[in-house]
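Protein chains: 4
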Amino acid sequence: MSNEIRKVVLAYSGGLDTSIILKWLQETYNCEVVTFTADLGQGEELEPARRKAEMFGIKDIRIEDLREEFVRDFVFPMFRANTVYEGQYLLGTSIARPLIAKRLVEIAQETGADAISHGATGKGNDQVRFELTANALDPAIKVIAPWREWDLRSRTQLLAYAEANQIPIAKDKRGEAPFSVDANLLHTSSEGMVLEDPGVPAPDYVAQRTVDPEKAPDQAEIITIGYEKGDPVSVNGVKLSPAALLTKLNELGGKHGVGRLDLVENRFVGMKSRGLYETPGGTILLVAHRGIESITLDRGEAHLKDELMPKYAELIYNGFWFSPEREMLQALIDKSQQYVSGEVTVKLYKGSATVIARTSPHSLYNMDLVTFEEGAIAYDHKDAAGFIRLNGLRLKTWAARNKKSGA
Amino acid sequence: MSNEIRKVVLAYSGGLDTSIILKWLQETYNCEVVTFTADLGQGEELEPARRKAEMFGIKDIRIEDLREEFVRDFVFPMFRANTVYEGQYLLGTSIARPLIAKRLVEIAQETGADAISHGATGKGNDQVRFELTANALDPAIKVIAPWREWDLRSRTQLLAYAEANQIPIAKDKRGEAPFSVDANLLHTSSEGMVLEDPGVPAPDYVAQRTVDPEKAPDQAEIITIGYEKGDPVSVNGVKLSPAALLTKLNELGGKHGVGRLDLVENRFVGMKSRGLYETPGGTILLVAHRGIESITLDRGEAHLKDELMPKYAELIYNGFWFSPEREMLQALIDKSQQYVSGEVTVKLYKGSATVIARTSPHSLYNMDLVTFEEGAIAYDHKDAAGFIRLNGLRLKTWAARNKKSGA
Amino acid sequence: MSNEIRKVVLAYSGGLDTSIILKWLQETYNCEVVTFTADLGQGEELEPARRKAEMFGIKDIRIEDLREEFVRDFVFPMFRANTVYEGQYLLGTSIARPLIAKRLVEIAQETGADAISHGATGKGNDQVRFELTANALDPAIKVIAPWREWDLRSRTQLLAYAEANQIPIAKDKRGEAPFSVDANLLHTSSEGMVLEDPGVPAPDYVAQRTVDPEKAPDQAEIITIGYEKGDPVSVNGVKLSPAALLTKLNELGGKHGVGRLDLVENRFVGMKSRGLYETPGGTILLVAHRGIESITLDRGEAHLKDELMPKYAELIYNGFWFSPEREMLQALIDKSQQYVSGEVTVKLYKGSATVIARTSPHSLYNMDLVTFEEGAIAYDHKDAAGFIRLNGLRLKTWAARNKKSGA
Amino acid sequence: MSNEIRKVVLAYSGGLDTSIILKWLQETYNCEVVTFTADLGQGEELEPARRKAEMFGIKDIRIEDLREEFVRDFVFPMFRANTVYEGQYLLGTSIARPLIAKRLVEIAQETGADAISHGATGKGNDQVRFELTANALDPAIKVIAPWREWDLRSRTQLLAYAEANQIPIAKDKRGEAPFSVDANLLHTSSEGMVLEDPGVPAPDYVAQRTVDPEKAPDQAEIITIGYEKGDPVSVNGVKLSPAALLTKLNELGGKHGVGRLDLVENRFVGMKSRGLYETPGGTILLVAHRGIESITLDRGEAHLKDELMPKYAELIYNGFWFSPEREMLQALIDKSQQYVSGEVTVKLYKGSATVIARTSPHSLYNMDLVTFEEGAIAYDHKDAAGFIRLNGLRLKTWAARNKKSGA
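Each protein sequence line maps, in turn, to chains R, F, V and B.
All residue numbers for the first sequence refer to full-length UniProt numbering, where the first residue is 1 and numbers rise by one.
All residue numbers for the second sequence refer to full-length UniProt numbering, where the first residue is 1 and numbers rise by one.
All residue numbers for the third sequence refer to full-length UniProt numbering, where the first residue is 1 and numbers rise by one.
All residue numbers for the fourth sequence refer to full-length UniProt numbering, where the first residue is 1 and numbers rise by one.
So that you can see chain R by itself, here it is in the shape it has in the complex (with noise of 0.2 Å):
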């Protein structure tokens, strides 16, 4: 496996990390560098993107719109299973990297690119989740990250670096940022700075997506949304793609209040970090599902669904999406999923989302099932008895031979 690199994918943002990142791959590498940007609902025009590669002189500028495909194949699935790490944080920035790898990789692949490359740093997760996914899907392309390879260890060495290669450095980054942002359809997430301390609140300046609750609206607001086998098909009775979907619940929840969430949590390479999540859609979904599948799972499922879901968040979180232990576990939660279909209705008030109602043409709730033709599911009271003791017949002995043995 030779070492040397003539073509590389970098996922270009256009800002100037990675603009600083396109030049050094060019001056070090000595190679062609096929840009990829893409639109994951971050909320950034991509088209000064476009012309930014081009002052590079970058002949092949990939630009692509993979919202549907972000929400319908990676947010939507990662939801049946009413996924949340660390019993708070859903997922937001872990979700949308294997994607972006993804694309890196297959465009590498059409290209006949030898590397791709990444702007992530040498202290996060998102360096881990871009290469296990190449990796995962392409054992022969190389990954090249900057950040752990260059000497360009401090702001200042960056910008001296972007005016000595004639980057254009826009005023407000002059500047260290007071915090730094990742953004997407599903979340906004803010680190670092002002955020370390995790003692101090986070000031009220780094929310970007959500209305602080105690400026939402006075009015509750009421909304229903429609499941299909698993995954929101509607709000409101009417019918949306996927990533119009989640822009919808975004919209409602950001007005709301909902989905912020000041956390400290476990990063997969050995440290703790504070952040400032907001997922105003997602929190939506989250309860949202939970409610329609109150109704529709039976217990098994629910159990077996919520044993497994901390396994599921942890692989999804270090990086493992494609891996054949993250396929199996989608496997065994799609199963389940075949009859979470219906209507909840949830409540949105000042920066909480409350499921109030849900409804479903395949419920499991008993009241549903009297009217069954074959006549009632009974429930004689009398089983009880037998139930109990049956199961406590174990707990008797179990009791019997401690006091016998001297407990």
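Everything labelled a hint here was simulated from the structure, so no lab data went into it.
Check each hint, because a few of them may be wrong.
Pairs involving identical chains hold if they fit within one copy or between any two copies, as the list cannot separate such chains.
[Claimed, not checked] With a cut-off of at most 25 Å between alpha-carbon atoms, the simulated PhoX-like pairs for lysine-lysine come out as follows:
no. : residue 1 : residue 2
1   : Lys239    : Lys347
2   : Lys23     : Lys171
3   : Lys404    : Lys248
4   : Lys142    : Lys123
5   : Lys23     : Lys382
6   : Lys142    : Lys382
7   : Lys23     : Lys59
8   : Lys347    : Lys215
Place chains F, V and B on chain R using the hints.
Just chains F, V and B now, kept in the frame of chain R:
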């Protein structure tokens, strides 16, 4: 084992139903009845129960304040695990039953009774919890469950029995209640009748312990909760006993509309049921405990706890508090709590309780470790390359095999 | 739902006990009985069952050879999970019950019967397995369990009933058998009486399907088993149908004394029981399947399967083969088996079956990967330094905190 | 944190490889070396190691007999969990590393050394186990792994280095060994070279500690093992210390060819490896412990242990013996062992160890409970009807829904 019952200890609330049970036990078994009335924070006077028991000629009347034991030995150990059943329910009713049953068994042992009796119906979980606890604590104790034995099937029959036996019926008990309520220091649950259809929102009048979020103060309230070894010990800097602390948090949470939950759950006896639960203090404790754990627990500890929590919750829900496997899990959980000490800041506002800061003398958050005497625990971002490559090695191998084998 | 029974399908072996049940059903319910006798490889002639059924005036007599379906659709899927209950038991009886119950239900549906009936006693697991299967396949079907209903409590009463009703009693059935036996193509289990004391070794005469290892050939025998997608398809290079393959392995294993197990297990109904189980072919398949998986499954797949296997085994043991959660787990397991193909070499010798070699066209064993066209998947031992350091980072932090906090 | 090394504690066997490391450390780091040689039952004389260390001018030479500590504090706790990695491997090597590393760290602390060093290669699991242990016990201790640092890549280079430095080379070390061996009181593992192809059976000459089953005695041997609180304490009625007991069982097992295992395992560092492992005494202990647990553990205890065992095994295999999550699991496991006392009878014969009887003063086996003073714990087979009906209720509901919804 003779089936004759000479003395029975009855869980007696003083209400109509358990008064009917009292009379029915005396008549049916011709046995002495010892009444046991406990204060678990349900918010009712206990003395009327004494007077009523006297009316039935009861000689051995036991009335106990179990609030501190309840919170210290049942509620707090359960909250160490961040316990939530089916992703939502904080187990407010489930956790109270083992304590009541334990006292029934102990009083039976003290008084030489050969049975205990309870007023739980034949369709619910509580009968299971009472009886499994009795099995596990004294395998020789019999349990009498009148609702499964007698033929008083309807409200009309119950009232007729009460009248025929001179049992006083409060005016408001003559009609059927629009829903039934269970309460203790941890929560209030409402079920049945007007709540039966999960597709219809709960009426406003159902809630009892929490104000409607929309009527909660317009001003948020910031509180701090102090933790020692996994348990809360103070609120706003004031040390409080377990029961006093939970009472205080109930007041605070209730005032801000925190902890309302409208859900459909899966009962152990095989059916679904819908309830409206209010757990104001408990909801605050859940987020606060996660908050303090987020900086004091190692990732390995936190993830292991998260993976086992659903099983632990299921055991408690199903009535297996007193079982060897619950005790094994408790040993595992408690082992992790040694350093879970510090202070959490929580914001209460119109239905939500949000952690906004957390500090600990035992923090694992890296910032706090910088000044260890031997020098910092260094993070070299170059290490990430090897970390990722070895984590990816098996994925590369898998991908290469799949490609070769034509997946 | 009327309680009248007009027609019942009975699992009928033709033996004394189910003949008594047949008569008792006719008498008690005054209903038509359809008999169902299945060949699951128990090694008994089925025609005598037909003749006996005719004697009782049965008009609809069903006799079926289910061996292929049993092995293909029940035994093999279970072995894909390396399923072992309580670390020992290969579930030979448990896995047969769902198939019998499924056919009973199907015949009931075909013939318009309103109930099924079985001969399992009230103390064992089989009643649970029969009846849960019926519940899951047709909620309207009633189940009659004569052993729980009638008052024929003792051997003497049964024999008296048989004599009174002209049911022929084989000579060897007049006395009490020294133990009871259940058999099918997967195993023979022996329980009760002479086996009851777990502190006393099983007498030599109990074993039926395997030779005593001490009397097995002095010469070891080497066999090869071919696998395709997780299931065995050939022995010593000869393709065999599922039932023929298991039959062949039973012969080979039985000859070499493989698969005897003396154990105490925990029944679902709450008590322990002791048995002597013989599973010659199944024991070979367990080690062989682990052998082929060891080179074809990725670590993530293998470990996930291992973690979930105990739950999967428990579900099958408890009678939940036909349940949504077993089907979810099966989906997960089956997802992993696509490349579990190849050949395993097993040595049989005086009671043991040992894997000594395994090959696969889809091997993940690294040696086999060296020659992939894109070049080797390199292992750089320097990567291990970073791998270890990042894995150790949280442990260092934990240790530093503990030291500082004075653990 | 300075990178200068003044004193290092080396795990020193006295063999060629660690002698080269010793010299290399002295040369490369110009530091004092303390040698540490431990007897873990590997069956080698330790005094030659002292003489060799003296030859290198080592002043602080530590030689310790750790056999009792090894078995008592590492092997026995692990066997309480019936620990098996990937369904097969008894973790003989894995469990020894934490103890050696612990002593290295302790000696470093005593002697003021700033680093430890080991002879594990860069491709295996042992480096991980040594280093994670050091991290967890003293975050300030540095670890030197010469195999990852130096450039002595081949056997030839090593021998040249040895010759150049007057390190004596035993005659049989001049050629390349046909496989490499690791041994301690629990097991002998052989790997590499002639064992590398998993499709080729291991040559006869590889096995070292067990006789070939085909050459084992023709007469079976029956032994009894006494247990107290989960740990074995006697063999054939003779009380033995932990190390003496394991030594005795190794003799017995080795004589009868018990405990040979030919397997392919998944290493933590991401590749598969094939080995021939011999664990005669350990194999007996595994089946014996399951035997005594089968009558003394409640089902809830046993199943919880079985579900968690794979994770516990993985932690030990991966080097996390000293980690908070392993200690949490140990607390859970140990909690279950209070009554795991009694006697197990095991038959050893030509490669197999089989439990044939088990007794305990604390048995939960029902037969033993009949005579409790308060009367028997009754089993009423009529209870099974209610037990089954309530267990089946959700399945009926599920089936009715599926039918209605047209599955």
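Structure-based check of all given hints:
| no. | hint | in the structure |
| --- | --- | --- |
| 1 | Lys239 with Lys347 | within (19 Å within a copy, 37 Å between copies) |
| 2 | Lys23 with Lys171 | within (20 Å within a copy, 58 Å between copies) |
| 3 | Lys404 with Lys248 | neither (65 Å within a copy, 33 Å between copies) |
| 4 | Lys142 with Lys123 | both (20 Å within a copy, 21 Å between copies) |
| 5 | Lys23 with Lys382 | between (78 Å within a copy, 21 Å between copies) |
| 6 | Lys142 with Lys382 | between (67 Å within a copy, 16 Å between copies) |
| 7 | Lys23 with Lys59 | within (14 Å within a copy, 56 Å between copies) |
| 8 | Lys347 with Lys215 | both (17 Å within a copy, 15 Å between copies) |
In summary, the structure is inconsistent with hint 3 from the numbered list given earlier, while agreeing with all the others.
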